[in-house]
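Protein chains: 4
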Amino acid sequence: MRIVLHMAKVRVAVAGASGYAGGEVLRLLLSHPEVEIGALTGASNAGQPLGALQPHLVPLADRVLEPTTIEVLSGHDVVFLALPHGQSGEVAAQLGDDTVVIDCGADFRLRDAGEWAKFYGGEHAGTWPYGLPELPGQRQELRGARRIAVPGCYPTVSTLSLAPAVAAGIVEPRVSIVAASGTSGAGKAAKSHLLGSEIMGNASAYGVGGDHRHTPEITQNLSALVDETVAVSFTPLLVPMSRGILATCSADLRAGHEVDAEEAHAIYAQAYAHEPFVHVLPRGQWPQTKSVIGSNALHLQVTVDEVAGRLVAVGAVDNLAKGTAGAAVQCMNLALGLDEGTGLTTIGLAP
Amino acid sequence: MRIVLHMAKVRVAVAGASGYAGGEVLRLLLSHPEVEIGALTGASNAGQPLGALQPHLVPLADRVLEPTTIEVLSGHDVVFLALPHGQSGEVAAQLGDDTVVIDCGADFRLRDAGEWAKFYGGEHAGTWPYGLPELPGQRQELRGARRIAVPGCYPTVSTLSLAPAVAAGIVEPRVSIVAASGTSGAGKAAKSHLLGSEIMGNASAYGVGGDHRHTPEITQNLSALVDETVAVSFTPLLVPMSRGILATCSADLRAGHEVDAEEAHAIYAQAYAHEPFVHVLPRGQWPQTKSVIGSNALHLQVTVDEVAGRLVAVGAVDNLAKGTAGAAVQCMNLALGLDEGTGLTTIGLAP
Amino acid sequence: MRIVLHMAKVRVAVAGASGYAGGEVLRLLLSHPEVEIGALTGASNAGQPLGALQPHLVPLADRVLEPTTIEVLSGHDVVFLALPHGQSGEVAAQLGDDTVVIDCGADFRLRDAGEWAKFYGGEHAGTWPYGLPELPGQRQELRGARRIAVPGCYPTVSTLSLAPAVAAGIVEPRVSIVAASGTSGAGKAAKSHLLGSEIMGNASAYGVGGDHRHTPEITQNLSALVDETVAVSFTPLLVPMSRGILATCSADLRAGHEVDAEEAHAIYAQAYAHEPFVHVLPRGQWPQTKSVIGSNALHLQVTVDEVAGRLVAVGAVDNLAKGTAGAAVQCMNLALGLDEGTGLTTIGLAP
Amino acid sequence: MRIVLHMAKVRVAVAGASGYAGGEVLRLLLSHPEVEIGALTGASNAGQPLGALQPHLVPLADRVLEPTTIEVLSGHDVVFLALPHGQSGEVAAQLGDDTVVIDCGADFRLRDAGEWAKFYGGEHAGTWPYGLPELPGQRQELRGARRIAVPGCYPTVSTLSLAPAVAAGIVEPRVSIVAASGTSGAGKAAKSHLLGSEIMGNASAYGVGGDHRHTPEITQNLSALVDETVAVSFTPLLVPMSRGILATCSADLRAGHEVDAEEAHAIYAQAYAHEPFVHVLPRGQWPQTKSVIGSNALHLQVTVDEVAGRLVAVGAVDNLAKGTAGAAVQCMNLALGLDEGTGLTTIGLAP
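Residue numbers (full-length UniProt numbering), protein chains in the order written: chain A, 1 to 351; chain B, 1 to 351; chain C, 1 to 351; chain D, 1 to 351.
So here's chain A without its partners, still in its complex pose (with noise of 0.2 Å):
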């Protein structure tokens, strides 16, 4: 016999419901036994019902999205903020110190404020917890914070596949990214060059050279791991495939301490060895994004390229699950003292 304490549900508002990270927050808080699901609100959508912009999340289709007003989303215990890069701030200084306040845009992530003005524009709302509790100390900062900003979806998987690598000091600082996205992080906003026309059947790399927004936010991770800046090369690829991040990561050995393949496996073996939601792969079997799609789990592999006496990580993560909005799920419950896997799994939807 078990007994459960049946306390009162925590009150969830999430702001930008009808796209694609508002949604998949909704599709989590839905299976979340301790939420009950407050207001959901829009822009231009405010006034339809939810089945007609997220038709997948069934038993809220007859909910009705609102503006995204501080009297809408005052009187919950948790805001998500799902909204274009830039609107977050607004609406965050509104909310009481009490509210737990989400924010799974950029707004709040970079510590510099040059940085910000640079990639973004406009002024630096400020900076908050980050919420990769998977980086050394990080989960202790998020327990029981009011304010977690969540991690871009390219950085958490590039910054957890090299994050041991760098940590334990077995490559230079200079890393080199490649991560092969799906186009459910480029958002539901129409764009001719996203159109399923154009991107079935192709695969185009942009934001090139460093400009994509998401190289600060990796320099920022890596660079915190160790005493030095961490020079990131960051190349993002888009291939037909609605979710998933397949990163490929890679670095020179550190001259002088040279590891082979299977030191490298056991180091990132022992750095995740207790997370719940980084799996490292068994020797010889690298992640692919499939296995991922839908769950809050990271998968990786290491090994090290002898002849070109480089190491190579590839990590692969679902952008809208752990990328987003299972990052967010699973930081409410580190900020609420929940067990910081409720509502969220491991297991991937395959094929």
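These are calculated hints, taken from the structure and not from any lab test. Please note that a few of the clues may not be correct.
The list makes no distinction among identical chains, and a pair is therefore deemed to hold if it is satisfied within one copy or across any two copies.
In silico SDA-like links for lysine to any residue, alpha-carbon gap of 25 Å or less [as the list claims (entries may be wrong)]: (1) K118 / A261; (2) K9 / V64; (3) K191 / V226; (4) K9 / G343; (5) K191 / P282; (6) K118 / G309; (7) K191 / D62; (8) K118 / G337; (9) K191 / P67; (10) K191 / G284; (11) K118 / E275; (12) K9 / P33; (13) K118 / R283; (14) K118 / G284; (15) K9 / G144; (16) K9 / G38; (17) K118 / V259; (18) K191 / Q285; (19) K118 / E262; (20) K191 / N45; (21) K118 / Q285; (22) K191 / Q48; (23) K118 / E258; (24) K9 / I267; (25) K118 / V307; (26) K118 / D260; (27) K9 / E258; (28) K191 / A93.
Given the coordinates of chain A, assemble chains B, C and D onto it according to the supplied hints.
Okay, now just chains B, C and D, sitting in the frame of chain A:
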């Protein structure tokens, strides 16, 4: 405060755990609160860890497949059979009458031994209660059953998309079904024409003109609703997606009983008003497979083409979920007296 | 030794060169030996180099789009109009009668002004010779024509897939068409529901119940073959591919005139025996869109379902090639007295 | 008036006509004005009509595959070998020295017998002129050649994307290549992990850490440009498309010789200024595979990441066309003294 009696969990085995149907049964069982996963078996894959074959099922990654023998499968409360057609009969015959046996294959679906021999070859194994609880009177037959035949994926969506119209007598007993399917319905066995290179960017027809094995099953289902044989023209298509079936079903309006679109919609809405997994969409909104991927939901819409004098209904289902493994779990719940929806969801994975 | 008279090339303009239809016209014209490409026009894209909009058309990369005006378009031997529906009439009216004007839009396809108004809105511009030379008597009408209306993509494949059966009187005059299409038929204008994220992994129905604009065009084509109105139930599907339509067309066998599969195939084979671009496959082989991508070929197969008493024909076509731009070039060849297949191919791009 | 000498056509045989490489050679040869297609051979498919195996090659539908024997292949001016790796040597040895033999396999690409044995196994067959005319001095070697080894698909795009930078000495001799490929490069043999169900919606890495067979070929090519061994870190990815490779290539800027993006672009533009099939895009426009599908073009862009101190070049190629069969035809043209581009196009098939 809520008190939960923590009874012993139901112990479940899955025969054919390395294929798509078996993998999907496991994916669903892993989030089923009343189930404990027992033996997993394979044929040529016996001896391999499941993580190498189904890398998305992380919690079972270290489980090793056993051979499909009576020794391995006995001692479980429930056995799911996800075997090639024609292999279930022999296994089932050796399992005790108190074991719930749920066959995801075709062996026990058809009542007519001649049809079985024509479409599948070999001897007819028999007929089990048919696992489509949404058919009139069928749910009662499944409660407490110890042998259940899970319907084929095409028959599930085709039958439920046409049943209200056929049963209400508003269409002539000659129906046409064109069902566009993802490729996972064809299984995981390697075949050249199912290679990604062949499938992507390609739509094709097969089994045209009544040649597909699911034709007699659909005919059996629809004819049972009325006092006559319903003529079924069934054309399956392969389209470039892994999961999902979209079935376009039509029939001439019955002469003298013509309904309009609103009346047809009302008949459908009423027919499924109390069904937890059949979701008749609001008028004007048409189904898409993406809304039901990974879920046990079937989305449905119907209209009347007054110029052509024809009723057209379109249903969407995930062939592996409600089309196979979801139905199997739904049936298990009924057989065991659990809540029918335990471990299942109506929420699809989109985008 | 062969002697070739090197005549002055035909000078061709393309209005709407930045869209999918215009781009495909250009792709074909670039390998047409008798053509010289003149003005290229766009609307909002005027002023941009074609290389930024159609990067696959390398030889035209530096060409700059001009506005769609009579000044720009005049002075060419042939003008292709690839404009939004409703815009061709005004442009065409200003072009001289000696200019060959080929409209890839819908403006001049329908004979019935009421149907035009119902499905497209606005005033009916008129009716031009219909650019489907494979219809009985139609080729003669196109030779030397100065105005040609290119058929819609769905009507092309639907009409040619059903015409032999309808004309031979072996089916009842009530046909059902379910046509799975790639997304390029919906054009290049940015719309959320056509984003890659929405389209990939998804099949959906739209325009069901006679709502699609191509329904009256198909009805017009088939009814013209016989002395009665053919009832057309037409359902278009969107499936995850850029190009291609697979049309599944069926009709009840005409009572008292039942043919079997072999007879049906013979009727089709004979009907298209001399057509260079219609390829009736050997019995038992079913069409796939991939075989015709990029080509002007239409692949076709037919059978009879004797149990259901229904003829089923399946046709595959590239919506942008034979379905639009290929037909346009084929019509231009006829209009100019060139060999009908000049610059066209029957060879698809696979895999 | 133009006078054309109508010489006897070149008679060509294709060994391995049922596979992807052989099919693509035939697709190109069918539009080559100087070629007559002779014997077509297969292994297990001998005796079947080509129409059943390559339904897109309509003009050859009735051709029957013959066995791959010297009797069948002899008597042709040119023989293309599209055989599994390791099988070309024996066939080629039996063909006369006056026959042009073009091997699409790997047998004669590598100079180092040890590398061959390590990556392919078995005995090294020898080294033939390497069919990449865009490499310095290479075109001359191919003119009039009677044996030509067509490069691998990955090496073609990787080598040409890095060659100008390596040759100019503006990068350190340690390069990183991450190449996202469609699945047709893996061939038409049925393998479970290449099924459409596995591939769609999925990105994965394989052959990581120097394990892929194309690594030594890329190393051989780049090292030949300079007086030192270039260290090559090569990671291939499978992404959900049939055709195309997008290679992201990077290297640290050479210390003391740092160039900026404009200088790098100028070096690339100059290197390929006279190459008919290498298209360096205008600055700011990045390659996409769709622009080159079906064509012999390679699209290329380069930039410099000044923060990371790294040059990044991205190349796109159709693995079956310029990556295999297009290069083979280009080489045939050079061997026969024809115009290098005969029968080839720079125009891709998009969308």
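Structure-based check of each hint:
Taking the shortest alpha-carbon separations for K118 and A261, only the inter-copy value of 19 Å comes in at or below 25 Å, while the best intra-copy value is 39 Å. Only within a single protomer do K9 and V64 lie at most 25 Å apart by alpha-carbon distance; the minimum there is 21 Å, versus 40 Å between protomers. Proximity of K191 to V226 under the C-alpha cut-off of 25 Å is found in neither arrangement, the shortest distances being 40 Å within a copy and 44 Å between copies. In this homomeric assembly, K9 and G343 come within 25 Å of each other (Cα to Cα) both inside a single copy, at 13 Å, and across copies, at 21 Å.
For the homomeric pair K191 and P282, the shortest alpha-carbon distance between copies (22 Å) is at most 25 Å, but the shortest distance inside one copy (40 Å) is not. Within a single copy, K118 and G309 get their C-alpha atoms only as close as 35 Å, which misses the 25 Å cut-off; across copies the closest is 19 Å, which meets it. In this assembly of identical chains, the alpha carbons of K191 and D62 lie at most 25 Å apart only when taken from different copies (24 Å versus 28 Å within one copy). Neither within a single protomer nor between protomers do K118 and G337 lie at most 25 Å apart by alpha-carbon distance, with minima of 36 Å and 55 Å respectively.
When the C-alpha separation of K191 and P67 is checked against a cutoff of 25 Å, the pair qualifies both within a copy, at 24 Å, and between copies, at 23 Å. In this assembly of identical chains, K191 and G284 lie within 25 Å of each other by CA distance solely across copies; the values are 19 Å between and 40 Å within a copy. For a Cα distance limit of 25 Å, the shortest separation of K118 from E275 qualifies neither inside one copy, at 34 Å, nor across copies, at 38 Å. Within a single copy, K9 and P33 get their C-alpha atoms as close as 8 Å, and across copies as close as 20 Å, so both meet the 25 Å cut-off.
Within a single copy, K118 and R283 get their C-alpha atoms only as close as 41 Å, which misses the 25 Å cut-off; across copies the closest is 21 Å, which meets it. In this assembly of identical chains, the alpha carbons of K118 and G284 lie at most 25 Å apart only when taken from different copies (18 Å versus 41 Å within one copy). When the C-alpha separation of K9 and G144 is checked against a cutoff of 25 Å, the pair qualifies only within one copy, where the shortest distance is 17 Å, while the shortest distance between copies is 35 Å. Taking identical chains as interchangeable, the C-alpha atoms of K9 and G38 lie at most 25 Å apart only when both belong to the same chain, with a minimum of 11 Å there against 34 Å between chains.
Taking the shortest Cα distances, K118 and V259 sit within 25 Å of each other only across copies (23 Å), while inside one copy they are farther apart (38 Å). Taking the closest pair of Cα atoms, K191 and Q285 come within 25 Å of each other only across two copies (17 Å); inside a single copy the shortest separation is 37 Å, beyond that limit. Proximity of K118 to E262 under the C-alpha cut-off of 25 Å is restricted to the inter-copy arrangement: shortest distance 21 Å between copies versus 41 Å within a copy. Within a single copy, K191 and N45 get their C-alpha atoms as close as 18 Å, and across copies as close as 15 Å, so both meet the 25 Å cut-off.
When the C-alpha separation of K118 and Q285 is checked against a cutoff of 25 Å, the pair qualifies only between copies, where the shortest distance is 21 Å, while the shortest distance within a copy is 39 Å. In the homo-oligomer, the alpha carbons of K191 and Q48 lie at most 25 Å apart both inside one protomer (22 Å) and across protomers (18 Å), since each shortest distance falls under that limit. Taking CA atoms no more than 25 Å apart as the test, K118 paired with E258 passes between copies only; the shortest distance there is 24 Å, against 37 Å inside one copy. Taking the shortest Cα distances, K9 and I267 never come within 25 Å of each other, neither inside one copy (41 Å) nor across copies (38 Å).
In this homomeric assembly, K118 and V307 come within 25 Å of each other (Cα to Cα) only across copies, at 13 Å, whereas the closest approach inside a single copy is 39 Å. Taking the closest pair of Cα atoms, K118 and D260 come within 25 Å of each other only across two copies (20 Å); inside a single copy the shortest separation is 39 Å, beyond that limit. Taking identical chains as interchangeable, the C-alpha atoms of K9 and E258 are never at most 25 Å apart, the minima being 52 Å within one chain and 50 Å between chains. Taking identical chains as interchangeable, the C-alpha atoms of K191 and A93 are never at most 25 Å apart, the minima being 31 Å within one chain and 34 Å between chains.
Comparing the model with each numbered hint stated earlier shows that hints 3, 8, 11, 24, 27, 28 do not hold.
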